[in-house]
Amino acid sequence: MQGEAILEVKNLHTWYGSQHVLDGVDFTVNAGEIMVILGTSGCGKSTLLKNIIRLYKPAMGSIRLLGQEMTELEEEDLETVLRDVGVMYQYGALLNSLTVGENVALPLEMHTSMTSELRHDIAELKLHQVELKNVYHKFPKELSGGMQKRAAVARAIVMDPSIIFCDEPSAGLDPVTALGLDKLLKTLNETLGMTIVVVTHELESIRRIAHRITYLDRGKVLFTGTLQEALSAQIPAIQEFFLME
Amino acid sequence: MKFLPNPPVCSFEDGVLMLTGDFVATTVGDALRQISGLKAEDIKVIDGADVGELDSAGAVLVKRLGTETTQLRAFSENADRLISIMPRIEAAPPSIPEKKIPFNLENIGGSALRSMEHLTEVAILIVDILFWSAVGIFNRKQYRKGSFTEQAYYMGSTALPIVGTILFLIGVILALQSAAQLRQFGVTIFVVNLVAIGLSREFAPLMTAIIVSGRTGSAIASEIATMKFTEELDAIKTLGLNPIRFVVVPKLWAMIICMPLLNVFALFIGISGGFLVALTYMDLSPTTFFNQLLLSLLFWDIVTGLIKSLSFAIIITIVGVYRGLNFTGGADGVGRATTSSVVTSIFAIIVMDSIWGILFYFKF
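First to last, the protein sequences are chains A and B.
Position 158 of the first sequence, counted from 1, bears residue number 160 in the numbering used here, the numbering being contiguous throughout.
Position 273 of the second sequence, counted from 1, bears residue number 261 in the numbering used here, the numbering being contiguous throughout.
Note that these hints are calculated values from the structure, not bench results.
A quick note: this is a predicted structure, and the numbers were derived from the prediction, not measured.
Heads up, the beta-carbon is just placed ideally off N, CA and C, and yes, glycines get one too.
Warning: the hint list may mix true and false statements.
[As the list claims (entries may be wrong)] The calculated label-pair distances, taken between Cβ atoms and stated as ranges, are:
1. A:A61 <-> B:F348: 29 to 39 Å
2. A:R209 <-> B:I96: 56 to 66 Å
3. B:S44 <-> A:Q236: 36 to 46 Å
4. A:S146 <-> B:I185: 50 to 60 Å
5. A:L100 <-> B:L264: 39 to 49 Å
6. B:E94 <-> A:E111: 24 to 34 Å
7. A:K12 <-> B:V331: 14 to 24 Å
8. B:S44 <-> A:D86: 21 to 31 Å
9. B:E94 <-> A:L181: 48 to 58 Å
10. A:S146 <-> B:T55: 48 to 58 Å
11. B:A122 <-> A:Y58: 39 to 49 Å
[Stated by the list, open to error] Quick partial rundown of chain A residues pointing at chain B, CB under 7 Å, derived from the structure:
12. I55
13. A61
14. E81
15. Y91
16. A95
17. L110
18. L229
[To be verified] No more than 20 Å apart at the CA atoms, straight line, and that leaves these computed lysine-lysine pairs for PhoX-like:
19. A:K143 <-> B:K216
20. A:K188 <-> A:K222
21. B:K51 <-> B:K27
22. A:K222 <-> A:K59
23. A:K59 <-> B:K27
24. A:K12 <-> A:K59
25. A:K59 <-> A:K135
26. B:K32 <-> B:K51
27. B:K216 <-> A:K52
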């Protein structure tokens, strides 16, 4: 199921002002796996995600995503790489001026020359995949938080990207909706073979979806491996994290 | 907490401080006053046998009264537990306010550096926006179909009623004020010249720009600030799109097209306000009014207004975008971005208007 490395992060350093947020982060994500990046609040998870997708350029280190060195890419090349990457933001980040359907179809409209009918059908299909029906013509503000996140997943997968990144997918959702979203990510991974990187600190979610985890602590990687390996690794910070329930 | 707590009583004898009554948020002040003269080192034991109710404030008080070695005696189990979880807070030394020197070199240098940073950011943004706007004329990649029309409708069509009403009233006021003065010299006919030239060269472009900056400039700033807050701009980037091309350029195009059109509309509505005054107050016939209008209003006067409104359009858009992109904080930050965009736009518009005024006065 899991193939070669699709994302390799090496010796990554990031500063916010004088604060050393990421301090020599190293980890690898293999094609076809679900990698969960976890850690307590403020440990640098979201910064790491922003570095990988180049929303924030790291000060030092290497990020090799889909065979491209992200830290050195020019804007135009970066845009090309990002078309093969899906990102789901914590609160969905759907464009409020567009309908849900237009949001999902936006990457197709901008990056392909397909007809509007075809775009519509593909967007509907993706919305169907994330179990959203009759929302194409609704605006994001008319949907609940969980539905917005589902729509954001639909937008992230509309170009059938090789890898998708999810920032806190189940944060702020009720347990049932969170479970549904986790199932959706698992289904996408199993049926479409998508590599998924999830940033979260929701324990239930980690247990349900993670093939491997990377545990961050104060900007450093404490552990990378399976959940079972993590629990038996006798690392106090990780044990405390999982026993906090 | 009790609605009417029992007043606290503190008595001190032979190193033992006896507490009686309720020690809660509303009564600890009284208790403190009673023991204000006591030194912490003198208190060997604090006896809580007669303490009724004790809340967090009371627990903090007890914790602060003695020293590390002071013994707590006969407090109830709950009170003991509450006191035990209270951290010992040592009285902080009085803070010495930092002396502010108004003209300190460090402050002046800091402000100068920040101003330079702002100017550089603005310059980069202007170049970015103008570059992508120019590129967009030849290459429509990354522009959503219909986004320009959508923006133009909002910025132009929906602004017509407010621009029309204000400029009509300005036309009326301008005619009335000039008529009152010119009547003394028996040359009320020149009211038409004043209204026509005043509106075309000054009032129509300036008032339209001020209305549009309050209405559309603020909307641009708040929209972009909200998009930044809700990570929509990040989402646009990670969809492989350029936020300036996708979000800002259609707005600038729409503004560049709509502002001159609004200016022409404002001019004619303003003149019609002056026409109404001429007919009703100055007893001028419509033919006299229009003949004088054609004599006084030159094509160049209208072009002057159009050039001004074009520059104002660019100012309003760039200021709105800059303030939106520089937003920090939450919902209050969006409000601040909106307000500062209006204030900065109006300031910049008036400065620009003065520059144009001087240039046109001496050159044309």
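Structure-based check of each hint:
1. A:A61 <-> B:F348: 29 to 39 Å: 51 Å, violated
2. A:R209 <-> B:I96: 56 to 66 Å: 58 Å, holds
3. B:S44 <-> A:Q236: 36 to 46 Å: Because 39 Å falls inside the window, the suggested range holds.
4. A:S146 <-> B:I185: 50 to 60 Å: Holds, at about 59 Å.
5. A:L100 <-> B:L264: 39 to 49 Å: With Cβ atoms ~45 Å apart, the hint holds.
6. B:E94 <-> A:E111: 24 to 34 Å: The hinted range 24 to 34 Å is violated for B:E94 and A:E111, with Cβ atoms some 52 Å apart.
7. A:K12 <-> B:V331: 14 to 24 Å: 48 Å, violated
8. B:S44 <-> A:D86: 21 to 31 Å: Once the Cβ atoms are compared, 56 Å apart, the range 21 to 31 Å for A:D86 and B:S44 is violated.
9. B:E94 <-> A:L181: 48 to 58 Å: Holds, at about 56 Å.
10. A:S146 <-> B:T55: 48 to 58 Å: Between A:S146 and B:T55, where Cβ atoms are some 57 Å apart, the hint holds.
11. B:A122 <-> A:Y58: 39 to 49 Å: The hint (39 to 49 Å, Cβ to Cβ) is violated, given that B:A122 and A:Y58 are roughly 29 Å apart.
12. I55: Constraint on A:I55 satisfied, holds at 5 Å.
13. A61: 19 Å, violated
14. E81: 4 Å, holds
15. Y91: 5 Å, holds
16. A95: With Cβ-Cβ at 4 Å, under 7 Å, it holds.
17. L110: Given a least distance of 10 Å, the restraint on A:L110 is violated.
18. L229: 28 Å, violated
19. A:K143 <-> B:K216: 17 Å, holds
20. A:K188 <-> A:K222: 27 Å, violated
21. B:K51 <-> B:K27: 14 Å, holds
22. A:K222 <-> A:K59: 18 Å, holds
23. A:K59 <-> B:K27: 58 Å, violated
24. A:K12 <-> A:K59: 14 Å, holds
25. A:K59 <-> A:K135: The given pair, whose Cα atoms are some 38 Å apart, is violated under the 20 Å limit.
26. B:K32 <-> B:K51: Holds: B:K32 and B:K51 sit about 13 Å apart, inside 20 Å.
27. B:K216 <-> A:K52: 14 Å, holds
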